[in-house]
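Q: The residues making up each chain are set out below.
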Amino acid sequence: MKRTVKVLLAVAITLLILVGSIAVGSVNLTPGQVAEILMAKLSGKAGTIDPNLSAIVWGMRFPRAVLAFLTGAALSASGTVMQSILKNPLASSYTLGVSSGASLCAALVMVTGVTFPILGSLFTLPAAGFAGGLATVFLALAFAARLDGKMENQTVILVGMVFSLFVNAILTLITALSREHLQQMVFWQMGGFTGRDWSHVAVMCPVLVLSMLMLQRFTTEMDIMSFGEEQAMSIGVDLKRVKLLLIGMAALLTGTAVSLVGVIGFVDLIAPHVVRRIFGSAHRLVLPLSALFGGSFLMLAELVSRTIMAPTIIPVGAVTALVGAPFFALVFFRGRKLK
Amino acid sequence: MLHLKNICAGYGNGDVLHNITFDLPLGQNLCILGPNGCGKSTLLRAIAGLLESRGELTLDGKPVADMRRPEIASHMAMMSQMSTVYFSFTVYETVMMGRYQKLRRGLFASPSKEDKRYVEQYLQATGLEPLRERQISELSGGQLQRVFLARTLAQEPEIILLDEPTNHLDLKHQTELVAYLKKWSQEKGRTVIGVLHDINLSLMLSDQLLFLKNGSVAGMGPAHTVLTKAFLHEVYDMDVASYMLDSLKRWEQVS
Numbered sequence: 048m049k050r051t052v053k054v055l056l057a058v059a060i061t062l063l064i065l066v067g068s069i070a071v072g073s074v075n076l077t078p079g080q081v082a083e084i085l086m087a088k089l090s091g092k093a094g095t096i097d098p099n100l101s102a103i104v105w106g107m108r109f110p111r112a113v114l115a116f117l118t119g120a121a122l123s124a125s126g127t128v129m130q131s132i133l134k135n136p137l138a139s140s141y142t143l144g145v146s147s148g149a150s151l152c153a154a155l156v157m158v159t160g161v162t163f164p165i166l167g168s169l170f171t172l173p174a175a176g177f178a179g180g181l182a183t184v185f186l187a188l189a190f191a192a193r194l195d196g197k198m199e200n201q202t203v204i205l206v207g208m209v210f211s212l213f214v215n216a217i218l219t220l221i222t223a224l225s226r227e228h229l230q231q232m233v234f235w236q237m238g239g240f241t242g243r244d245w246s247h248v249a250v251m252c253p254v255l256v257l258s259m260l261m262l263q264r265f266t267t268e269m270d271i272m273s274f275g276e277e278q279a280m281s282i283g284v285d286l287k288r289v290k291l292l293l294i295g296m297a298a299l300l301t302g303t304a305v306s307l308v309g310v311i312g313f314v315d316l317i318a319p320h321v322v323r324r325i326f327g328s329a330h331r332l333v334l335p336l337s338a339l340f341g342g343s344f345l346m347l348a349e350l351v352s353r354t355i356m357a358p359t360i361i362p363v364g365a366v367t368a369l370v371g372a373p374f375f376a377l378v379f380f381r382g383r384k385l386k
Numbered sequence: 028m029l030h031l032k033n034i035c036a037g038y039g040n041g042d043v044l045h046n047i048t049f050d051l052p053l054g055q056n057l058c059i060l061g062p063n064g065c066g067k068s069t070l071l072r073a074i075a076g077l078l079e080s081r082g083e084l085t086l087d088g089k090p091v092a093d094m095r096r097p098e099i100a101s102h103m104a105m106m107s108q109m110s111t112v113y114f115s116f117t118v119y120e121t122v123m124m125g126r127y128q129k130l131r132r133g134l135f136a137s138p139s140k141e142d143k144r145y146v147e148q149y150l151q152a153t154g155l156e157p158l159r160e161r162q163i164s165e166l167s168g169g170q171l172q173r174v175f176l177a178r179t180l181a182q183e184p185e186i187i188l189l190d191e192p193t194n195h196l197d198l199k200h201q202t203e204l205v206a207y208l209k210k211w212s213q214e215k216g217r218t219v220i221g222v223l224h225d226i227n228l229s230l231m232l233s234d235q236l237l238f239l240k241n242g243s244v245a246g247m248g249p250a251h252t253v254l255t256k257a258f259l260h261e262v263y264d265m266d267v268a269s270y271m272l273d274s275l276k277r278w279e280q281v282s
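Order-wise, the sequence lines are chains U and R. One gets this note's numbering by counting positions in the first sequence from 1 and adding 47 to each. One gets this note's numbering by counting positions in the second sequence from 1 and adding 27 to each.
Bear in mind the hints are in silico, worked out from the structure with no lab data behind them. A virtual CB, placed ideally from N, CA and C, is assigned to each residue, including glycine. Treat each hint with caution, since some may be false.
Unchecked claim - Just so you have them, the derived chain U footprint on chain R, three or more residues with Cβ under 8 Å: (1) 89-102; (2) 111-119; (3) 122-131.
Unchecked claim - Taking lysine-lysine and the BS3-like style, the derived pairs with C-alpha atoms no more than 30 Å apart in a straight line are: (4) U/LYS49 - R/LYS32; (5) R/LYS129 - U/LYS134; (6) R/LYS140 - U/LYS53.
Next up, chain R with everything else stripped away, as it sits in the complex:
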């Protein structure tokens, strides 16, 4: 169980998050939604322990603040928004870094069969197998995003935190990725917490939706309990439902 109670966090110029409180049973997926600047990424970083926060943040009863980095990483892995590539590695080398915690140490140690098996599995799952020997500096934004996702998956954590994992992907890869994450969490009984802008993708992936507005929880629960016309209007300050329905009508005209 991931437990947050009255979590406040920010970046020095005051708090971005105000009294965030929720519980998420492991095995359930959560999508965090809300308008720009509402604190979605900040919340993700606070959960990952990458940003200091006040309040109660525990994982299976143990405060995250009391855990050292290796222990946190064995439970949670975070894929940040696109990072700059300063030094180029091959796709295979980059994904293998996800196995860091399990890698054998020593001067002449090499990855175990199990490490290689996991890397192969996630290269396949993210469609990177044909690119395995390519330098990551030569990849497109979408390909690089898949490399970082494969590396995050290779960590084999209980919780995966994804910050806009689909923003560089085309439609096909977006839906494939979300379907894969759903399958991954269901088969392994694990949790995906994702910041997504696309409400449709969020519905595909998650068991619960969390809406933030101005750093506070505007609403949380399964889709059928939170997704109402009035609620979306309140959060986004626009008539989201009508926009979606209008889009649908336009699509119906596409033969």
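For reference, chain U alone in the conformation it holds in the complex:
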């Protein structure tokens, strides 16, 4: 199949999932009704549409689906960048401690109730998530560099995991000690979209768009860096600057996503992996298509999380892990002989 056809097919599937996740729920709608409500809202003419349905679609399902898409895209783009920098298809922001660091700082904001003066209440949480994610990943990398000058993959990933687990332990401690926020924090850590609305989309959307525009300028560098640092330097990549920028961007994307919807695993691991299998490794395509795939996957997971055991909503993070872990194993080990 031609590459363009595959891309168009991927876009079509994304739109289909978007319509599906708006239409399906406690009240089922037809695609026609969904289109009618969205058109009416966008054109500003209410017409004959039932205001209750309109509220469900515009006030709840549409922003949730859009946020799921945006966070899935952000996590996947971040995973793609991390995998390229670490030359490892198993690396992700989670393995390097970005998610844990972001969770910890976001939790501290929740418990203390602080608001950064310039950022306001809306942006304080993502800013804290970003700062926490960035701080953890750089601490982990600095520590790994001291342990192993060559920064071998195994060292970096193991140190990342140690930092991740350590930071998670602090998070658990804070969660256990802050009884009044216990329930809120436990739910948030599980990852989910309940109660998320357009204000969350308004935070995630510009962060994702600007980061993607920035990252897309560095796809050639990501291609080259996947051959190893020495080769990248020899070809002329200003490695320190590019690496710093890329890790910063990855931390911004994951940190923002985690602080808005909690920890959602496996999306960032699966999306780039599947996309590479279908489209090859050139990041010019892998980066945007991983974002598209990750976004669709999380939209679908969000839909499953609120319909499979309705009226109970299960955490999205549980859905992505339940589907993601075996799926990842299947994709990763396919074609390998078991010893």
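Mind docking chain R on chain U? Use the hints.
A: Just chain R, lined up with the frame of chain U:
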């Protein structure tokens, strides 16, 4: 002119290279030889600025340590020993990476006609044209080595540093490659600095030979000035000349 004076370098557990001093005019080829572990690859990495070194290392009078990576890469390109392929690209995509410095930047930028022309030229030169759309993860060691060489050539540097560029190649490809590098350097007035184990290939390629032993220069100069029976014996701790002559006698018996 590439100028090295009292270069010392190593990997943390002490120096591997001790006071390496030599000058190499651009346009001349140099082969670095010596027994295993004598510091050949380390010297190459130090010249490329990939390994920190002490002493004077200048290119046309400018210290390499003062240059940023893009500037170094516009003068020197290094092809390391075989690297692991973590993510697979096509042969064409991989060779195009050599054009990195010249590639147009921007969201929708694509390689220029000139970039494509260079890539085509070096795909042809390395015999990779029929494999251009193949994934590099599917290639043999020798084919992959040629891909990395084509990528290094596509950088169009003044100096190419090659670390054992022929170790995965069959005899035909070894001699073809060395002949091509010789032609490339002569036609363009550029320099190849190669670490080679094969003295015969070194003689084909280079204007000067540099022998290292225990991290120090054991001798340097054109072949006729350094290649003596006693000197080779001293460097390799074996009678290289007799071994070569014995081999020749055996070959003379092959009809």
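Q: Verify the proposed pairing of U/LYS49 with R/LYS32, using a straight-line Cα cut of 30 Å.
A: Distance of about 56 Å is beyond 30 Å: violated.
Q: If you draw a straight line from the CA of R/LYS140 to the CA of U/LYS53, is it 30 Å or shorter?
A: holds, 27 Å
Q: Can you tell me if the segment 89-102 of chain R counts as covered by chain U, using C-beta to C-beta distances under 8 Å and a minimum of three residues?
A: holds (count 6)
Q: Check whether three or more residues of the segment 122-131 of chain R sit with their beta carbon closer than 8 Å to a beta carbon of chain U.
A: holds (count 5)
Q: Within 30 Å, alpha carbon to alpha carbon, are R/LYS129 and U/LYS134?
A: This hinted pair holds, its Cα atoms lying about 24 Å apart.
Q: How about the segment 111-119 of chain R: do at least three of its residues have a C-beta closer than 8 Å to a C-beta of chain U?
A: holds (count 7)
Checked against the numbered hints above, the structure breaks only hint 4 and satisfies the rest.
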